[in-house]
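S.K.: Next come the chains, spelled out residue by residue.
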Amino acid sequence: MEQFYAIGLFLFVLFVLLGSGVWIGLALLGVAYFGMEIFTSRPTGDAMMTVMWRSASSWSLTALPMFIWMGEILYRTRLSEDMFKGLAPWMARLPGGLMHTNIAGCTVFAAVSGSSAATLTTVGKMTIPELRKRRYPERMVIGTLAGAATLGLLIPPSLTLIVYGVSINESITKLFMAGIIPGLILSALFMCYVVAVSQLSKSYNPAPEPHMAFREKVRQSRFLIPVFTLILLVIGSMYAGVATATEAAAIGVIGSLILALWQGSLTRQAFFETLMGAARTSAMIAFILAGAAFLSLAMGFTGLPRGLAQVIAAMELSRFELLMVLMVFYIVLGCFLDGISIVVLTIAIVEPMIRQAGIDIIWFGIFVVLVVEMAQITPPIGFNLFVLQGMTGHDMGYIARAAFPMFLIMVLMVFILIAFPELATWLPANMRAAG
Amino acid sequence: MSALCLLAILVVITLQVLARWSGIAFPGSSEYAGYLMAAASFLAFAHTLNRAAHIRVNLLLSVLGERRFWGELWCLVIACAASTYLAWFAVRAVYWSWKLHDVSQGQDATPLWIAQAPMAVGAVILAICFLDNLVTLITTGRDNIRLDLAEQSRAE
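Listed in order, the protein sequences are those of chains A and B.
Going by this note's numbering, the first sequence opens with residue 9, and the numbers climb by one from there.
Going by this note's numbering, the second sequence opens with residue 13, and the numbers climb by one from there.
Treat the hints with caution; some may be incorrect.
Said to hold, decoys possible - To give an idea of the chain B side of the interface with chain A (calculated C-beta under 8 Å), a few residues:
1) Leu19
2) Ala52
3) Leu72
For the record, the hints were derived by calculation from the structure and aren't laboratory data.
All of these numbers come straight from a predicted model, not from anything done at the bench.
Ideal Cβ placement from N, Cα and C applies to all residues, glycine included.
Sequences are here, hints too, so could you generate the full structure?
M.R.: Dropping the structure here:
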């Protein structure tokens, strides 16, 4: 019983610190300190430094700043204009028209960017004005953009998957490969939705595109060469097993630097801005990870994860029921926390549960990213909504309503993923691992 | 500083890839990249804080409105305590590594205190930065932390 109170107190401190707005990394550190003090007699401070050092200096973590840096560089290049020019001719004839550039653009950019907000801003800064000019329904423009940008985290590279992989000590390359097919399917679902709406809705009558000969279309596609080369370099080198995730990231950085130099968009000052931006973002994530590493140590001493796993096992939930419970749990958490914090915070508790239920840990990574991504487009705090608010000037409620159909499509995707787990597990099982 | 570390990480990883492809051994490259990663993170903590790129749950703070000052005060006091604690033990860890001549377990056999020193420096700067913010908040009613949404959202 005493144990029970102690755990309650522990969780209470966790919620108070996080909820009151203490910086997440430090809040985790504080809770962990508290937990260590009540549950063990081990020297807290030294144990803290050991795990923090191990977490901060981990080799697989170095993929993080590299991918962030790559995104920072690409954001400053003309990549998004080029992508629009290259993709638009092919999309113009589809039912739904250029609206598809939103989704295709996000899908393509997601393959070189690890973050959904970066995908959103990079693609949106081009497509929003272009689509508005052609009188596409505003609500659809915003909704599809918010939804499709979440592909940034599902399609590799993905910051959330790196964080997940580092937290559970799994191969990041495998996780990346696992995300590809579900990401493409989700993107196809979004496109189907656009087709359906364009056929059914009366207000959907944008300015038609001028006819373009096939040869001209192919000629326009040359604008896609740089981005596809990058994708091939980064994902290809991982899939073929010639590079680890970190090395692929470094290749990507060099590739995008060359691209930026070639386009002449990389001034000395811009170069330093990209570096500082990447340093800040990766420091932010590393801080949370370091705090979380200490917290999971403390969590282990509380016995909470094991206890909870036993409780869940005793409830004899079916695998499907367990996943449904977790999905609701994650969506609720997602209303208050960002994706990366959710992953690091819950993984120590959820991992034993998952292993006990016999769920594939790689597959679960994709599941988590999907549900966490849903949180990205739901109020009160969905980062994509904030970003879109800044970009379009619409209020939060409007954007959230516009994005809601995408949320439902993502729920559908979760069910598809549960029904056909091979979608996520087939590629990682069939690739060559880098030595 | 931390930007230089990132640059160095890129160089180390590139060298590692080139070395493997050309069959030359580059022992300890993963460890070096790891140390640089730790250095890059810790040295950037304080800078990240002042640019408001460290994330936090803003919900309650924004509800507080007029009384936001007290919320910020509470957060900064907690943060000062926690970061000072961190800084103290980071310095201690480096001191003991130095005193005991701890050497890395990896192929590189770097003395650990050299690898860990940037971590301690970064932790101390972070603690000072929090104290500075606390003092500024109390004396002027507003801390030095300036939010830039585009900045913060880049990680998601």
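S.K.: All hints, please: hold or fail.
M.R.: Comparing the hints with the structure gives:
1. Leu19: holds, 7 Å
2. Ala52: Holds - the Cβ of Ala52(B) comes within 8 Å of chain A, reaching about 6 Å at its closest.
3. Leu72: holds, 6 Å
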